[in-house]
Amino acid sequence: GLSPQSISVLGGFSPQGRSAHDAFTVVKEAMALQEAGCFGIVLECVPAVVGAAVTSALDIPTIGIGAGPSTSGQVLVYHDLLGMASHPHHAKVTPKFCKQYGQVGLHIQAALQGFCAEVTSREFPGEKYSPYRIPEREAEGFAELLERAGLPRAATAVNDEHVSRGQGKENK
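Following our numbering, the numbering of the sequence shown begins with -14 at its first residue and continues without gaps.
Any given hint might turn out to be false.
What the hints assert, rightly or not - Label-pair restraints from in silico Cβ distances:
id : residue 1 : residue 2 : range
1  : Asp145    : Gln59     : 55 to 63 Å
2  : Lys13     : Leu66     : 30 to 38 Å
3  : Ile119    : Leu91     : 38 to 46 Å
To be clear, the hints were calculated from the coordinates, so they are not data collected in a lab.
Here a beta-carbon is modelled for each residue, glycine too, at the ideal position from N, C-alpha and C.
Using the sequences provided together with the hints, build the complete structure.
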């Protein structure tokens, strides 16, 4: 059937095996893979009858992804079934055979936009999500080491950050 690597070449999720000759080719190729030692075959984007024929012709399991109900098992890409790619331009790449069990993509998008806004406004990470402290004596030593290394701006940043967080004697 379809291999994910060929999607861009074929212009999308184009089903394979839609003519008698092409369907028979899929069966022959699956049999050759079994003969070569494969322990299972993934059938992607083939008509259900092709999935059924391949499954019946083989002694090894078949896993279908857009290959009908007669394969030995089923698989979907979780991004597709959860609706993680909910942006309108993703509709073109979500396969027709994929039932979406959720629309988490919209929630993910909103969460990422919120994160971006808070980072831009410097609200995040803030005090609550910056839990790690350095005792005052260690901060002073750190700043001194930076100064000696010729990094005065870094030393100033250490001092400014330490003071702005209200860190002091209680952390000794």
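Results for each hint:
1. The given range of 55 to 63 Å is respected by Asp145 and Gln59, whose C-beta atoms sit roughly 57 Å from each other.
2. Taken as a hint, the range 30 to 38 Å holds for the pair Lys13 and Leu66, whose Cβ atoms sit roughly 31 Å apart.
3. Checking the proposed 38 to 46 Å range against Ile119 and Leu91 shows it holds: the Cβ atoms sit about 41 Å from each other.
Checked against the numbered hints given earlier, the structure satisfies every one of them.
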